[in-house]
Amino acid sequence: MTPPLSNAGGELLRRRLVGRVLAERADALVITGLGAPTYDVAAAGETARNFHFWGAMGLAAVTGLGLALARPGERVLVITGDGEMMMGAGSLATIANAGAPNLAILVLDNRSFGETGEQPSLTAGPADIAAMARGAGISTVRDCRTEADLADTIGALYTAPGPVLCVAQVARGEDQKVLPSWDGPHQVSVFQTAIGTRSFPYKPITL
Amino acid sequence: MDQHWSRDVFRAFKSGNIRTVATVPDGGLTELLNLCEADSGITVITLSSEQEGMGLLFGLWLGGERAVLLMQSSGTGNCMNALSLPAITQTPCLMLVTMRGENGEQNPWQVPMGQGCRPALEAMGVTCFSAADNADVGTAFESAAQLAFEDGKSTAVLVHQHIIGTKEFVK
Chain E
1 MTPPLSNAGG
11 ELLRRRLVGR
21 VLAERADALV
31 ITGLGAPTYD
41 VAAAGETARN
51 FHFWGAMGLA
61 AVTGLGLALA
71 RPGERVLVIT
81 GDGEMMMGAG
91 SLATIANAGA
101 PNLAILVLDN
111 RSFGETGEQP
121 SLTAGPADIA
131 AMARGAGIST
141 VRDCRTEADL
151 ADTIGALYTA
161 PGPVLCVAQV
171 ARGEDQKVLP
181 SWDGPHQVSV
191 FQTAIGTRSF
201 PYKPITL
Chain S
1001 MDQHWSRDVF
1011 RAFKSGNIRT
1021 VATVPDGGLT
1031 ELLNLCEADS
1041 GITVITLSSE
1051 QEGMGLLFGL
1061 WLGGERAVLL
1071 MQSSGTGNCM
1081 NALSLPAITQ
1091 TPCLMLVTMR
1101 GENGEQNPWQ
1111 VPMGQGCRPA
1121 LEAMGVTCFS
1131 AADNADVGTA
1141 FESAAQLAFE
1151 DGKSTAVLVH
1161 QHIIGTKEFV
1171 K
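Respectively, the protein sequence lines represent chains E and S. At position 166 of the first sequence (counting the first as 1) the number is 166 in this note's numbering, and the numbers step up by one without a gap. Numbers given in this note's numbering equal positions in the second sequence, counted from 1, plus 1000.
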């Protein structure tokens, strides 16, 4: 029997939600935003097709755009938090304007800065990332509030024409930290080798 | 008369297999951006803020594509923490920056970041190339591109205001 995806109050549990989403990833390429989304994805089991941010806050989604444009035949899934997405809010317009039919973004919205002591984030106030994404012109936007919304969310993330953005309202609170590699060149090497885009080491230039 | 530096840089895009150009535009980039827009082999991506360029270029590089970020000197100030990404991953981040706040600047609001541009970039580990004159920009760009793509460095070509000319507010 699978463990429940929600707590007693009906709130989605992020670690289990991410595990459930990634169980259906097939060959999707996954970019994670710094903090808990990096740990959530690592907890689901490391693969060479994950790239984890440990810093550079605000760049996860637009990195997904670059990867999606370079690899149009592959599904690219960005999994990030509400604070990280808010710092890159302008990139929602960049993404919508560029267009990327193979890009999907899952925002885990816990309405707090979990990594720094659970201070309330802007989505604890009136801000609504799904509405911002619609305003930016993102073609497919979903709110995922309960388990009942999950099938529709997963379908959108993997099969709807992108760019797709789903905001999952998840419970506050910290899960065990599961730490993937933070070695940048190593991560790049593993990822690029897995998808066949490895560029280093270069052939020497012949003069 | 020498041809405009934009043509030399554009030729280096083509010979260097740079197929994506990310930008927050600047007046000094007009000719280069027009050349890129007119070329079906180059995709121009407009950014809401220059820092997105670090993420976009990195994602493209992960996927096997070369790209460049074109911006005004003011925009480099928006990139500081984002430059951590190419630095820590040792991946290429190639930038071309048209300068404001130097020779004959008429808008004082352009001066602080124009003057701070090079030291700020260098503080984040970016190797800066300056072109002495119009004819030198293409060579500076090729050097910057080589260091970026062959050594995984962040590099920037600074195209100075005496090459571009000053923006006239009152004619």
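Simulated from the structure, these hints should not be mistaken for lab results. Ideal placement from N, C-alpha and C gives every residue a C-beta, glycine not left out. Do not rely on the hints blindly, as some may be mistaken.
[What the hints assert, rightly or not] So the derived label-pair ranges between C-beta atoms look like this: (1) E:151 / S:1080: 56 to 62 angstroms; (2) E:124 / S:1146: 46 to 52 angstroms; (3) E:73 / S:1044: 36 to 42 angstroms; (4) E:101 / S:1167: 21 to 27 angstroms.
[Stated by the list, open to error] Residues from chain S that face chain E, not an exhaustive set, calculated with beta carbons under 10 angstroms: (5) 1012; (6) 1061; (7) 1089.
* To do: Could you see if the CB distance from residue 151 of chain E to residue 1080 of chain S stays within 56 to 62 angstroms?
  => Violated, since residue 151 of chain E and residue 1080 of chain S (Cβ atoms, about 42 angstroms apart) do not stay within the stated range.
* That 36 to 42 angstroms hint for residue 73 of chain E and residue 1044 of chain S (C-beta), does it hold up? -> violated, 22 angstroms
* Could you check if residue 1089 of chain S really has its C-beta closer than 10 angstroms to a C-beta on chain E? => Interface hint status for residue 1089 of chain S: holds (4 angstroms vs cutoff 10 angstroms).
* Asked: Does residue 1012 of chain S meet its interface restraint, that is, does its C-beta lie within less than 10 angstroms of any C-beta in chain E?
  -> Check failed: Cβ of residue 1012 of chain S comes no nearer than 15 angstroms to chain E, outside 10 angstroms.
* Per the hint of 46 to 52 angstroms, is the separation of the Cβ atoms of residue 124 of chain E and residue 1146 of chain S within bounds? -> holds, 48 angstroms
* Starting from the hint 21 to 27 angstroms, judge whether the C-beta atoms of residue 101 of chain E and residue 1167 of chain S obey it. => violated, 39 angstroms
* May I ask you to test the interface hint for residue 1061 of chain S with respect to chain E, counting a Cβ-Cβ separation under 10 angstroms as satisfied? => holds, 8 angstroms
The structure does not agree with the numbered hints 1, 3, 4 and 5 stated previously, though it agrees with the rest.
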